[in-house]
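Asker: Each chain, letter by letter, is given below.
There are 2 protein chains.
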Amino acid sequence: MKVPNSLVQLIRELSRLPGIGPKSAQKLAFYLFEQPKEDIERLVNTLLEAKQDLHLCVRCFNVTDLEVCAVCADPKRDTALICVVEEPGDLIALERSGEYSGLYHVLHGRLDPMNGISQDRLYIKPLLERLRDVPQNTEIILATSTTVEGEATSLYLERLLTPLNLHLSRIAYGLPVGGALEYADEVTLGRAMTGRHSLGKR
Amino acid sequence: MKVPNSLVQLIRELSRLPGIGPKSAQKLAFYLFEQPKEDIERLVNTLLEAKQDLHLCVRCFNVTDLEVCAVCADPKRDTALICVVEEPGDLIALERSGEYSGLYHVLHGRLDPMNGISQDRLYIKPLLERLRDVPQNTEIILATSTTVEGEATSLYLERLLTPLNLHLSRIAYGLPVGGALEYADEVTLGRAMTGRHSLGKR
Chain A
88 MKVPNSLVQL IRELSRLPGI GPKSAQKLAF YLFEQPKEDI ERLVNTLLEA KQDLHLCVRC
148 FNVTDLEVCA VCADPKRDTA LICVVEEPGD LIALERSGEY SGLYHVLHGR LDPMNGISQD
208 RLYIKPLLER LRDVPQNTEI ILATSTTVEG EATSLYLERL LTPLNLHLSR IAYGLPVGGA
268 LEYADEVTLG RAMTGRHSLG KR
Chain B
88 MKVPNSLVQL IRELSRLPGI GPKSAQKLAF YLFEQPKEDI ERLVNTLLEA KQDLHLCVRC
148 FNVTDLEVCA VCADPKRDTA LICVVEEPGD LIALERSGEY SGLYHVLHGR LDPMNGISQD
208 RLYIKPLLER LRDVPQNTEI ILATSTTVEG EATSLYLERL LTPLNLHLSR IAYGLPVGGA
268 LEYADEVTLG RAMTGRHSLG KR
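Taken in sequence, the protein lines are chains A and B. 88 is the number of the first residue of the first sequence in the working numbering; add one for each residue after it. 88 is the number of the first residue of the second sequence in the working numbering; add one for each residue after it.
The hints are simulated quantities; they were obtained by calculation from the structure and are not laboratory data. There could be a bad hint or two in this list.
For chains that are exact copies, the list does not tell them apart, and a pair is met inside one copy or across any two.
[Claimed, not checked] Listed below are the simulated SDA-like cross-link pairs for lysine to any residue, each with C-alpha atoms no more than 20 Å apart in a straight line:
#	residue 1	residue 2
1	Lys-212	Val-155
2	Lys-114	Gln-139
3	Lys-114	Leu-130
4	Lys-89	Ala-157
5	Lys-89	His-142
6	Lys-114	Ala-180
7	Lys-163	Glu-186
8	Lys-89	Ala-112
9	Lys-110	Ser-184
10	Lys-89	Glu-174
11	Lys-124	Asp-140
12	Lys-163	Arg-99
13	Lys-138	Glu-128
14	Lys-114	Pro-222
15	Lys-89	Pro-162
16	Lys-114	Asp-177
17	Lys-138	Pro-91
18	Lys-89	Val-235
19	Lys-110	His-254
20	Lys-89	Leu-218
21	Lys-138	Arg-257
22	Lys-124	Leu-135
23	Lys-114	Arg-103
Construct the complete structure from the given sequences, taking the supplied hints into account.
Answerer: Put into structure tokens, the structure is as follows:
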């Protein structure tokens, strides 16, 4: 059977999206076909508006609809803390935790030479420029992911930033909250042991 | 942090799509934000074109950009075979198998009273009307899925269609090709045993 061309095109476009394989793309295409015209138009307009409104914060490269993002513009944030994350989604996740009140710097990726992501592709140069003007007591928290690439990125930044003589730190490793020891992998368990903290003297 | 409104809206729209949870929606939104404007416009146009071009075949309710779909319009198809499937995607899957040369009838769903899907929501009435005019030697293959709902739909159709005195059949159960017995569930294994065919007299 000849599948209608506009359906083929739609499936092809959808399967380009991350995490959507050919089967999900087909399912999505049929789902979209079944939705009322108004819903499709609303989706399309939302997409076009987001594309038009959003850009990167000139200071921290977070996604924003303003010149300077809501975090950078907030006078209540602790400017002596800069947390370096890989993606804007990581920033949102940290904000949701409610445990952090400092500023951010979004790299927009992690070092991944196998996939052609070198330091020039990340917002590392603007980070260096930004750190030139901060006071000596500023703490830079390296909060890249704990994957091989995230670790490599953290290590690279550590070497790059050490000469600046600021306070450098790395987010803690350990067991996820609600996690049973039995199911944790040995590397995580090892890190959780090494990173243990004393309870008596708290 | 206040997440930009257009980003919140986009994430909300995307998380309405089937199989896309809030986290995937956020990931997708950031991905779309990072794509060039032309790519977003192409996606949007493809979506709008598909929505405009596509509709249901007047005969079998397959998705098509013509009045009568490519399968129904093909003079080489065996009109004495009508395969009843749940979704247009099932039709495409069967077409890909290359094992079927008859016609189809797409129900657009399965009976699922728990989720409010009753027989009126499916294209069952048009199927009955269609079968009123077919020759007595026509075979109706019930190819709904082998889930509880798919079975219920098949059973319902069986009872409904039996008085029409046509040849009714159900697709075969058994082991998937390439499947090891060890990993098959017991129900499938049981069905595979019951449905065994003799090799000697082939």
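Asker: Give a verdict on every hint.
Answerer: Here's how the hints hold up against the structure:
no. : hint                 : verdict
1   : Lys-212 with Val-155 : within (18 Å within a copy, 59 Å between copies)
2   : Lys-114 with Gln-139 : between (28 Å within a copy, 18 Å between copies)
3   : Lys-114 with Leu-130 : both (17 Å within a copy, 16 Å between copies)
4   : Lys-89 with Ala-157  : between (51 Å within a copy, 6 Å between copies)
5   : Lys-89 with His-142  : between (41 Å within a copy, 15 Å between copies)
6   : Lys-114 with Ala-180 : between (29 Å within a copy, 12 Å between copies)
7   : Lys-163 with Glu-186 : within (14 Å within a copy, 67 Å between copies)
8   : Lys-89 with Ala-112  : within (18 Å within a copy, 32 Å between copies)
9   : Lys-110 with Ser-184 : between (35 Å within a copy, 15 Å between copies)
10  : Lys-89 with Glu-174  : between (41 Å within a copy, 17 Å between copies)
11  : Lys-124 with Asp-140 : between (24 Å within a copy, 12 Å between copies)
12  : Lys-163 with Arg-99  : neither (46 Å within a copy, 29 Å between copies)
13  : Lys-138 with Glu-128 : both (15 Å within a copy, 10 Å between copies)
14  : Lys-114 with Pro-222 : neither (54 Å within a copy, 34 Å between copies)
15  : Lys-89 with Pro-162  : between (60 Å within a copy, 14 Å between copies)
16  : Lys-114 with Asp-177 : between (29 Å within a copy, 10 Å between copies)
17  : Lys-138 with Pro-91  : between (29 Å within a copy, 12 Å between copies)
18  : Lys-89 with Val-235  : neither (45 Å within a copy, 32 Å between copies)
19  : Lys-110 with His-254 : neither (48 Å within a copy, 32 Å between copies)
20  : Lys-89 with Leu-218  : neither (59 Å within a copy, 25 Å between copies)
21  : Lys-138 with Arg-257 : neither (33 Å within a copy, 49 Å between copies)
22  : Lys-124 with Leu-135 : both (17 Å within a copy, 9 Å between copies)
23  : Lys-114 with Arg-103 : both (14 Å within a copy, 14 Å between copies)
This entry does not satisfy hints 12, 14, 18, 19, 20 and 21, going by the numbered hints stated previously.
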